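*Asks:* As a plain string of letters, each chain reads:
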Amino acid sequence: MLRFFLSRLALLIPTFIGVSIVAFSFIRLLPGDPIMLLAGERGMSEERYQQLQALYGFDQPLFVQYFNYMTDLLQGDFGTSIVTKRPLLQEFLTLFPATIELSLCAIIVAVAIGVPLGVIAAVRRGSWLDQTVMGAALVGYSMPIFWWGLLLIIFFSGILGWTPVSGRISLLYFFPPVTGFMLIDSLLSGQAGAFKSALSHLILPTIVLATIPLAVIARQTRSAMLEVLGEDYVRTARSKGLPPRRVIGLHALRNALIPVVTTIGLQVGVLLAGAILTETIFSWPGIGKWMVDSVFKRDYAVVQGGLLLIAAIIMIVNLIVDVLYGLINPRIRH
Amino acid sequence: MSSTNTKDPNAAVGLEGGTIIAVTRRARLAEFWYYFSQNRGAVIGLYVFLAIVVIALLAPVIAPHSPSMQNRGSFLLPPVWQEGGNWSFILGTDAVGRDLLSRLIYGARFSLFIGVVVVSVAVSVGILIGLIAGYFRGAVDTVIMRVMDIILAFPSLLLALVLVAILGPGLVNAMIAIALVQQPHYVRLTRAAVMSEKGRDYVTAARVAGASNIRLMFKTILPNCTAPLIVQAALSFSTAILDAAALGFLGMGAQPPTPEWGTMLAEAREFILRAWWVVTFPGLAILITVLAINLMGDGLRDALDPKLKRS
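Taken in order, these protein sequences are the chains called A and B. So that you can map any letter, position 227 of the first sequence is 227 in our numbering, and since no number is skipped, the others follow by simple counting. So that you can map any letter, position 64 of the second sequence is 64 in our numbering, and since no number is skipped, the others follow by simple counting.
Simulated from the structure, these hints should not be mistaken for laboratory data. Bear in mind the structure is a predicted one, so any value in this text is a computation, not a measurement. Glycine included, C-beta positions come from ideal geometry on N, C-alpha and C.
Under 8 Å between C-beta atoms, here's a sample of chain B residues computed to sit facing chain A:
no., residue
1, Arg146
2, Asp149
3, Ile150
4, Ser156
5, Leu161
6, Leu242
7, Ala245
8, Leu265
9, Arg269
10, Val279
11, Leu287
12, Leu295
Which stretches of chain B does chain A cover? Using the computed rule of at least three CB atoms under 8 Å from a CB of chain A, they are:
no., stretch
13, 162–171
14, 249–261
Take the sequences, apply the hints, and build the full model.
*Replies:* This is the structure we're talking about:
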């Protein structure tokens, strides 16, 4: 098992180096001089220009720059935001819990609803229930989520007035972040109504972000179940008189879940891409909105570091999924 | 000798002249249509898609107004069925008095154009690279696949967003960026298909007969790998439309006043609680188009790849 894990980890290293080269080249591919961008319209003196070039190391050969960049990276220095002047990693770590909280809630909703729906659709194959569920899944899968979010705001915030439009919690509450997860922090703060406020801010973004994974998971579960339900061991379980609930829940679902776990893992990239749009719509202070804002503010240090961090997260999650897959399905280890 | 071009190598053996091949082609098309039409959703999707194509082609004829004409005195007019709406602006007007219906009709042109360009670029580049990787293997293959892994390590929308930031916002750059993030899927599919076909007897036979590498790659192997590529092309057509709309929505795709659906949504955002129609209809247009293409994609998969179960 350890060998399996290490061999997968070794495969990641060249990819990660490639990703770092992409992120590194990015700032150098941009039209215009990054230092002149810093100066803005005011411009700067030749002396100051040289000074800054030396400061950022732009006067050195490219491979030296890359080497320095990687040395800094390995020491945990991802650079400094051009706009806020704060260390990038620190900004990332402040904002990342917001994205994790949202993504976790979304994936929980997607699995909790998607898997049962897929199972029901498979068991009742061809029924109106199956057709409705699969029709809805296809609509969910085709959904432009940025529009879906706006529609939910119109209906639930505009017409019904049930949910807030943006942010993570009402401005009425303030407490220092402990875990970074608003739901937990609001409970810890002990302030009456804080948890409810945090929850009501979370509902719409969660629905929006969960939509596509939910649809994909429901479709995948259904087709995996259909495949498994035709297997001999399921027929054996049926014929020895086990109740259908047990056959489906224990014998069929456990085997059907193997490909579904992979699907769920693959949704992490989808979630982070979705977070870009969802966080922008709901002004959710996470890394998706951070990246979009940085692109617009031309804070290229953030874009460069953010790209690298996000790619690293996705690669690590994919590795974990790979290993999990090896754990529940020993056949692929060899 | 067009016979080497047929999909099934066995059908080509011993056939002389074009007539028999034409017949088998027609039969194969009939077979394809039979399986495709078994899927009711796919047929509906096809009709809706054709309707959108017709609308896009005939936009100047059917649009009641110019998509860029601003009508003073009719700002944010509601749709006709709501109080205050009128028949000259059936779906209402936007914040500067442009007819929403006309803009949506012209928007269909952009969405289809984006889909066609992105898929053509991604497919042709992806197939070429995938063929090379799968056919030659070795170091070339390793390098190509590592590069594809790197592209796939980023969330596609984020990578497209950053690429557009490098290239500069705009529709053409958005299409280039989306094509670039989509082509690894074609590379992988083509490579896998080429690797499984390469060892077959008909390829060896062609090689023994003296066919060049280029001929083996493009005329012998490629025609037998098309089914998964067609299915993928249908699915990425809809992804391209969605991603381009998302970039437009983020302000990095088509720029106003282009009547691209995502860009229209971005412009409409500030009126979200005042004028529901300026937000609702462009998104609905995106959803209907994407849904129709995905329905068709499901049907294509059923018809072209019987090994895959219906899901």
